[in-house]
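Q: With chain A fixed as given, assemble chains B and C onto it according to the hints.
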Amino acid sequence: MCGPGLIWLLVFLLVPMLLILSVSFISRGAYGELEWTVTLENYRRLIGFGALGFDPLYPQILLRSLALGATTAFLCLLMGMPLAFFIARLPGRFRAAALLLVVIPFWTSLLIRTYAWQILLAPEGWFGSILRHLGMTELYPGTLAVLIGMVCDFLPFFVLPLYASVEKINWSLAEAAMDLGASQWNVFRHAILPQISPGLTAGLILVFLPATGQFVIPDLLGGAKTVLLGNAIQQQFGQSRDWPFGAAMAVAALALVIAGMWLFYRKSGQKGEWL
Amino acid sequence: MKKYTALLACLWVCCVVASAAEQRLNLFIWSEYIDPGVVTEFEKQFNCKVVVDLYEDAESMLAKVQGGEVSLYDVAVPPDYLVPTMAKLKLLAPLRHENIPNLKNLDTKFANPPYDRNNRYSVAYQWGTVGILTKKNADAPLPESWSVLFDPKRQAKSFVLMDSMRDTLGAALKFKGYSLNSTDPKHLMEARDLVVAAKKRSRGFEGSVGAKNKVAAGQVQAAMVYSGEGARAVAEDNELVYFIPSEGSQIWVDNLVVLAKAPHRDLAEKFINFLLEGRVGARISNYSQYATPNKAAMPLIQPEDLKNPAIYPTPEILKQLEFLEDIGAKSRLYDEVWTQVKAK
Amino acid sequence: MNRPSLRLSLWSALAYLFLYAPIAVVVIYSFNAARFGAAWNGFTTHWYAAIWDNPQALSAARNTLLLAGCSTLISTLLGTALAYGWTRFHFPGRRWISGLLHIPIFIPDIVLAVALLLLYSLVSPWLRFFELGLPTMVLAHVTFQIPFVAIVVRARLAGLDPALEEAARDLGASGRQKFRHVTLPLMMPGILAAAMLAFTLSLDDFVVSFFTSGPGSTTLPILIYSSVKRGITPDINALSTLIILASILGTVSVMLLQRKNR
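Protein chains in written order, with this note's numbering: chain A, 504 to 778; chain B, 25 to 368; chain C, 197 to 458.
Honestly, the hints are just simulated from the structure, not real lab data.
Everything numeric in this text was worked out from a predicted model, so none of it was measured.
Some hints here could point you the wrong way.
Under the rule of at most 20 Å between Cα atoms (straight-line distance), these lysine to aspartate or glutamate pairs were calculated in the EDC-like manner [what the hints assert, rightly or not]:
id	chain 1	residue 1	chain 2	residue 2
1	B	K354	A	E544
2	B	K73	C	D249
3	B	K133	B	D350
4	C	K425	A	E627
5	B	K112	A	E536
6	B	K159	A	E627
7	B	K354	A	E538
8	B	K68	C	D249
9	B	K68	B	E301
10	B	K160	B	D175
11	B	K224	A	D558
12	B	K354	A	E536
13	B	K114	A	E536
14	B	K160	A	E627
15	B	K210	A	D558
Next comes chain A alone, as it looks inside the complex (with noise of 0.2 Å):
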């Protein structure tokens, strides 16, 4: 039974990541044509030593790209986790709506959320007006567009897995640490923390781990000063047509990928099992 669907991954899925792989080590030709003989230039490229000298272009922009993830990982958990908290402390009818709320945005297309954020923050748009008014200008194009672009993407990736924990809290475990006169922080940490850490770990892992990646929302907001793995990797198939290259940095950011996730399997214990 498992057959055409894993069949239909591997052909689709798994031989295409064998090929990038296998890209990633030739040669490009001098008009962009692929050059079938072995090389490790790409790989070179990558860490730095490119045709016109030293330049740690590239290595900058992974941890561009991690720094980011983190950072969007990281506001969603400041913003998501008392919005989690807050929908199931809501009274049974307004949780389902609440919840509703969420997840409307959750299945709207996601350029459609990015672009939006060009008109928000144009500076001759009412809101850029005020940014200006409060000294703040250059706020789109750049790494501050960015952000915010990501953060209201993902807020419904890390909310929604969280509040699947959230629900299940069993809060007579809180009340009885209240009552033996913990503070509240410790509360948290000791009672709460513990039952929504599959719910939390999920939500990071989901925010994180594609933020890193990300090609629209940079390309859309950042203009052309914020560049990412995503951005970088679509212009080695595009305007650069180096595919050998851009498979390099294919390899680098599943290399990446598949490392965050066996670190979130050790971390939850089981293959998936909760998904």
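A: For chains B and C alone, kept in the frame of chain A given last:
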């Protein structure tokens, strides 16, 4: 199990058949570059459907064609310097001149061009220049120079750069006083640093059409655009002005080509022949506000366009303009530099 | 458990505002009479009428729905079968399937997109079927839909009461009958939810479609992206508003359906 495969097979066939049905032409062209009325007229006259896909810069078009779409598109519109490259990469089908009698309508300057002798692969479509479109600022007039983008002391309040490798690097080279076709790595690194510094002060990279729209909307004060976008923007709003920078700039010719594995080669050649008609050529140029290479179209061009130096540069301006050339294997250097520009 | 505090409520209200700001902006500006820019220039509804006269938008909508429909059908079939086999049967290498399935969920879509593009360009000179276009897009969409379908159906299967199936077996039903009359109907809500998820994923997909599309197979997200790159115009906002409306209707109806099934 068998039911699944049958169902899947049916869906497959449906998809493929649906896309292969009618007589059609797949056109790959710059945005806002062809009058939709011309396309409709061709569809009616030849009883076919024209599918139009758009691109904003030449290298992205080349990337798509190189990446496999050579067997999917019929006609593309590369600039002059890319025609030899595409021919070398075996991406172009030679034109069968017997199917394109209207070739005789091409002005002698554009027939048998240096980048494609005897029009073996290409036919000139439109030509124009690269310049700057900006909003006139009466109290603080902007210098008619590339320093509007590249000099932090004399730059426009806000500007965008063009998302096109040879065009933008060429502008930087010109600002520094070098040739647009320089292959000296030192020159290119200077150009790279100039563009990267400008990028940090800019509001991003845009294609010519996107840049024109931003200036027209007042979102930026200046932008690098092609002459047609400049002329059209000025025509709609006379607060805007298009100029060729004093350091010199680029003149280019865009060409119609048939791709090597075009699925509808005959129809493609008929399309090119159709576009070469005087009446059609004039209609296209009056719409796009670019200059026409078609001498049969010249009598039908709007008189004010002929007098417009933005569209048809005067001899003095022509002296400052340089054509981009195919630099062969050295284009690899440009690709690397541009990758760094986009990535920094 | 007590009701949320005022501080919590205010913070959450801010979060909701933040979440809905972009959606609100798109809807509001679809009525802007100004052709470009974010400056307001008067109220008009003619951009909505203009959509019907726009052959590009109509063909993109048709492609999007065709693509989503085909891919959802295929991926739901394959994913459900996969989930069933994975949950109910024990065979070596079972644990690796979990890892395999999670890859498309976590990898950046651009990596999947360029990997498939690479596969297609290497294979298409020999097999014309793999030339970029709607078929290749269907293949690509199914690939990222299957894991989502499998996981959702699996969750449903895992939550089923085994007593029901045992009862059927005790009553003498064969494996096939048991599946058709007991297991499958019980799985149905999960299968439908998975199909809805797959459908939405395909409708909204941009990156994978962008890299695997060919001439004439532009979808709505691709159309919106290309137009936004040239400058946001109210007709794009109008189109986006209609899409948002469709998403909201879809989400609400699915939620209502699920509540009924419980």
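Q: Determine for every hint whether it applies to the structure shown.
A: How the hints compare with the structure:
1. B:K354 <-> A:E544: holds, 18 Å
2. B:K73 <-> C:D249: Cα-Cα ~17 Å, so holds.
3. B:K133 <-> B:D350: holds, 19 Å
4. C:K425 <-> A:E627: holds, 18 Å
5. B:K112 <-> A:E536: With Cα atoms ~11 Å apart, K112 of chain B and E536 of chain A stay inside 20 Å; holds.
6. B:K159 <-> A:E627: OK: K159 of chain B and E627 of chain A at ~16 Å, within 20 Å.
7. B:K354 <-> A:E538: OK: K354 of chain B and E538 of chain A at ~17 Å, within 20 Å.
8. B:K68 <-> C:D249: It holds: about 18 Å lies between the C-alpha atoms, which stays within 20 Å.
9. B:K68 <-> B:E301: holds, 16 Å
10. B:K160 <-> B:D175: Answer holds: K160 of chain B to D175 of chain B is near 18 Å, not above 20 Å.
11. B:K224 <-> A:D558: Between K224 of chain B and D558 of chain A the Cα gap is close to 18 Å, so the pair holds against 20 Å.
12. B:K354 <-> A:E536: Roughly 14 Å separates the two Cα atoms, so the pair holds.
13. B:K114 <-> A:E536: Holds - the C-alpha atoms of E536 of chain A and K114 of chain B are around 11 Å apart, at most 20 Å.
14. B:K160 <-> A:E627: Within the cut-off at roughly 18 Å; holds.
15. B:K210 <-> A:D558: Satisfied, since the Cα-Cα distance of roughly 16 Å is no more than 20 Å.
Checked against the numbered hints given earlier, this structure breaks none of them.
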